[in-house]
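Hey, can you work out the whole structure from these sequences and the hints?
Chains as they are written, first to last, in our numbering: chain S, 1 to 448; chain B, 1001 to 1448; chain C, 2001 to 2448.
Quick caveat, the hints were computed from the structure, so don't treat them as lab data. Any given hint could be a false lead.
[To be verified] Simulated crosslink set (SDA-like; lysine to any residue; CA at most 25 Å straight-line):
hint	chain 1	residue 1	chain 2	residue 2
1	B	1432	S	28
2	C	2359	S	419
3	S	433	B	1349
4	B	1251	S	243
5	B	1421	S	433
6	C	2251	B	1257
7	B	1113	B	1164
8	B	1012	B	1045
9	S	69	S	28
10	C	2253	S	254
[Unchecked claim] Stretches of chain B that chain C covers, calculated by requiring three or more beta carbons in the stretch to come under 8 Å of a beta carbon on chain C:
hint	region
11	1259–1272
12	1276–1290
13	1396–1409
Cβ atoms here follow ideal geometry from the backbone N, Cα and C, with glycine treated the same way.
One letter stands for each residue in the lines below.
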Amino acid sequence: MKLVFLCGGIGKRMFPLTEDKFMLKFLGKTLLEHQIEIAKKAGFKDFVIVGNPLNIENIKELCKDIDAKIEFGIQEEPTGMANALLSVKDMIKNDEIVLVNPNDVFDQSVYKKILTERKKSDYESYIVGYKVKSYFPGGYLELNENNELIKIHEKPGEGNEPSDIINIVVHLHRNPATLLEYLEKTRSERDDVYECSISKMVEDGHKIKVVKYEGFWCAIKYPWDIFDAVKYFLDNIKTPRISKRAKISKKAKIYGGVIIEDNVHVLENAVIRGPCYIGENTVIGNNVLIWNYTHVGANCVVGYSTEIKHSYIGDNCWFHMSYVGDSIISNNCSFGAGTITANFRFDEKPIKVTIKGMKSEIGLDKLGVIMGSNCKTGVNSCIMPGVKVGPNSILGPSVTLTKDLEPNKMIVVNEKSYIIKENEVTLSPEKKKSLMERLLRHGYGKKD
Amino acid sequence: MKLVFLCGGIGKRMFPLTEDKFMLKFLGKTLLEHQIEIAKKAGFKDFVIVGNPLNIENIKELCKDIDAKIEFGIQEEPTGMANALLSVKDMIKNDEIVLVNPNDVFDQSVYKKILTERKKSDYESYIVGYKVKSYFPGGYLELNENNELIKIHEKPGEGNEPSDIINIVVHLHRNPATLLEYLEKTRSERDDVYECSISKMVEDGHKIKVVKYEGFWCAIKYPWDIFDAVKYFLDNIKTPRISKRAKISKKAKIYGGVIIEDNVHVLENAVIRGPCYIGENTVIGNNVLIWNYTHVGANCVVGYSTEIKHSYIGDNCWFHMSYVGDSIISNNCSFGAGTITANFRFDEKPIKVTIKGMKSEIGLDKLGVIMGSNCKTGVNSCIMPGVKVGPNSILGPSVTLTKDLEPNKMIVVNEKSYIIKENEVTLSPEKKKSLMERLLRHGYGKKD
Amino acid sequence: MKLVFLCGGIGKRMFPLTEDKFMLKFLGKTLLEHQIEIAKKAGFKDFVIVGNPLNIENIKELCKDIDAKIEFGIQEEPTGMANALLSVKDMIKNDEIVLVNPNDVFDQSVYKKILTERKKSDYESYIVGYKVKSYFPGGYLELNENNELIKIHEKPGEGNEPSDIINIVVHLHRNPATLLEYLEKTRSERDDVYECSISKMVEDGHKIKVVKYEGFWCAIKYPWDIFDAVKYFLDNIKTPRISKRAKISKKAKIYGGVIIEDNVHVLENAVIRGPCYIGENTVIGNNVLIWNYTHVGANCVVGYSTEIKHSYIGDNCWFHMSYVGDSIISNNCSFGAGTITANFRFDEKPIKVTIKGMKSEIGLDKLGVIMGSNCKTGVNSCIMPGVKVGPNSILGPSVTLTKDLEPNKMIVVNEKSYIIKENEVTLSPEKKKSLMERLLRHGYGKKD
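This is the structure:
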């Protein structure tokens, strides 16, 4: 049995983050590595990974040290699952396959569920169904009382759902050849040829079982879905794990479910309040506070007097006297001292994010910045809630960014905003002496 | 004997704070509650409270759980004490009364003083006199060598004072009926009918004794008078009182005369250096410093890396990475991270405050902001010394407020102040490695 | 033998710092005092100090308590060493002399070296030569295989150096009278009469020995040369020296090679990571971090939550919630809360400094501000890397200073940068309750 990872799509909704969502790193590994790891634990040994021309080399590089049999395919156009599968027809036509969307985060128990079902029954295919509480823009499953699929309704629109069960792409096909035939002959104006083919198969009498899964699942469609994924990974930390090769000051304090990797430095009076993750070689500076499901990548410097709360930070990021709250920061970003991410509206209403040119609520009342890779902020700059910063862009010192900034831009304060005049203030040092005395009187320097 | 609290006036000079000064809370109770408490301790059991149509319901609400006999009256127009007393004529005409201005803060010993004097002599009335060191805009007492009143000179102007003894409204009248007659027939263009009546009584042969009082006294006329009141209340903390229901981190440090109420949280590396008061449920965050006669109300969050020095903070206020110095902040205000209250002039001269449109020195060389209730500040904003912010107003992010802001306003940075251009800076992560090495070389990560 | 200190020059390249470089204080003493001290240790007892009309009184004041025989001379015009020596002809003509430029920092071993050489040989003069690795804008020595001087090439320009040995002004002359004759008759268009005279003496057959010195040496020509001098002085701290009269909080932490002078206060959670120097009476406030060769003068207040890294701070300076990195701050400066010195370029290239109107690289990739005495910065202001601020100048609140500021100027934000409008945001305190609960849930207040 082969497990097929569909890595050829392009996550357009992820801007300004990476379009290859499976390349996001959690706990020091990419999501794809996690996927392979849990699949291996579930017993899979043969893998097919379908990438696209832009990402296939990165995928191969990533997989080169993984102990498993992996075949690589290329999907020339990112036009959906059907196209992906037809691109690797020869690799998959002769085996049972499990198709997996590696951009979803789920528990390995899903494999046990579908494989157990496969063992005890004899359907053409098995697809995983997941019960949702509110509308999700995906495929909804119409099914009968035996949990057999009737039809997949792709994005039916709120109110038109045939059930509350959605389609999760962990699909087992016993005869891929049959599936491939359907994929080849089905036509659709949308990129739902795969889903239409499945529905058509059912229409033609093939029996498909819906395997209900109730464990953790989240789809990374938008950048802020990363918060759920981080929560999942961090909640899975059962006992704190602090590397012996990490250097933790005696004056620092670490609580709760944390992973602190090799060569991390935690300096005086820093507090890390788990669930949190700190990647290897990262420095957590003096007086820093890190808490509430924060995930910091490798080789970062979280400098003096910085607070990071409920945020996802990539690798190689630097902060200094900053506040980062409810934010997602990609690799290689640097924050100048005094940079603040505002994460809450004055009117305390839900944060709005610009999606396809429209301001939309996304269900969060706290959200900071979403920043692409290789960005920098100047000292004393700030960014308003829910603003996106494109990769390779710079905020100058003292800038307040209120709208999304495109990639490769620099925003600076207009120098006309300042006036230089003669200094008519008489400056004298005398006053300081009495101020110092007053300051010492109010307890400075009294015994501990 | 009835004690009459005059709560019907309107504290016009208190803008942007509450006009009902007796509603200001100190140590978790309103000033009025404190007044009733100390009057009860002095032996009073019957109270009359004269409010106005706007505040009478709040006063009744406040008093509903107080164990004392309280009658409530309403003064329709806030035109002074005479009007107030005439409004409750029927409640007071048959008993000895003590009139008290509950907007003054004084020690309970004043009651002992006036009651003792009353016991051993037989004057028509007794009024409290207080020796001042500099001009005070109130009533000055002209008196003879037996400390008998000759006349009250209302606001005589500096240089025209008949003595250095001013009139404090703790007045005992043995026959209110007589006083009421005078109040009814006296006419004045100013709101000093009461004072004129007293003077007229003396003129007509009634004998009034001035009881000199030398304990603590302060009149809350202007917002900054609150600093003196706070000092009084905090200096009265004889032994530190930290609630057993407060949660204090072992890594926090609390010194000196403090009251820490129930359910307060004090987090790691916070320092509270009394005299200070922290109201119930308030959170004092990591690394916070609170010192020098600071009074923080209930349900506040003084977040990460904030310093509050010599300030009065109302209930339900939030701060984050802020500096609040020599400031008065009303209820329900929120400070964005990086908000700074400047409290000292470049030229080190006394702070000027705008009073009735005029910049006036008020005798303080350090003064921050005076902020009405329900205000917010954006991240990285700042406020210049002595500036007033009206209730329900907002400072946008990065705003520097240099003048008073009216109520219900919002001040924001003009977006034209920024220029967006192509980013021509080449950003590369390489440099960081050598910087990290340099940083570690300079002691980061060496043993404690 | 007399030691002659040449203090009459004017350090034009030192703007905005003091022109009298020998008046810079290190470890609590001026450089001149250090010079006299090490010369005394090397056995010198008789000194001649040549000042100029502007600085001679300060020099005398400085020397008044020094236990040594010191004669003072005045050089009327700052036109070089020849002029200086001729100004004190009568004081020096009859003794052997050692000429020293007190603006250079060097080890006392240089004296031992030159005196030893003098004892065992019989040259007319001895001058110290120092091997440099890269071009230095000073005098280069052309010498023969016996280390005898052939000629001094003053600022030959890169590529034209006759050797890699430069002339350091520690020069011993056995017969000053001869030297003075040459100085009187030599003419030059530049201020190198002294060097030309030396070359001429050699030409005429006088033999001059070059004494090679390999210990520490740095010339303070530009402000940033101070960093090297600080490094030298701090690296010389062999064992930490913390005054018994300093008050160090038990919660503070001090590491490495430090000198902490009398009456210094170090408050809770401050960290000083040597090599560092803290001058007398200085207060190091809560949570402050001082590290990486930082030198703080006397009577300073490094207030709450300030980081100072690799900087030289004069006397009587105040900081508050500031970041000072790789900066030089003269006496009597005050930083408003939130002031940040940027010290690194976005493009990570070497910092450029304006020298004689031209932007020039000076070989540093990190450099903050260079600030003259008596300056102030407003709250939330910031200064770009390598910017110079002239004495007596002020940055207003929220100003971003991107260019050098002349002396006696004030730069402020144009108030037109702000817009005031009606506040249409509905502000309500209700939300805070749920936020507080959320905050406490995420670990605030859990047990240490």
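Structure-based check of all given hints:
no.: 1; hint: B:1432 - S:28; result: holds, 19 Å
no.: 2; hint: C:2359 - S:419; result: holds, 23 Å
no.: 3; hint: S:433 - B:1349; result: holds, 15 Å
no.: 4; hint: B:1251 - S:243; result: holds, 24 Å
no.: 5; hint: B:1421 - S:433; result: violated, 48 Å
no.: 6; hint: C:2251 - B:1257; result: holds, 20 Å
no.: 7; hint: B:1113 - B:1164; result: holds, 19 Å
no.: 8; hint: B:1012 - B:1045; result: violated, 31 Å
no.: 9; hint: S:69 - S:28; result: holds, 23 Å
no.: 10; hint: C:2253 - S:254; result: holds, 19 Å
no.: 11; hint: 1259–1272; result: holds (count 5)
no.: 12; hint: 1276–1290; result: holds (count 5)
no.: 13; hint: 1396–1409; result: holds (count 7)
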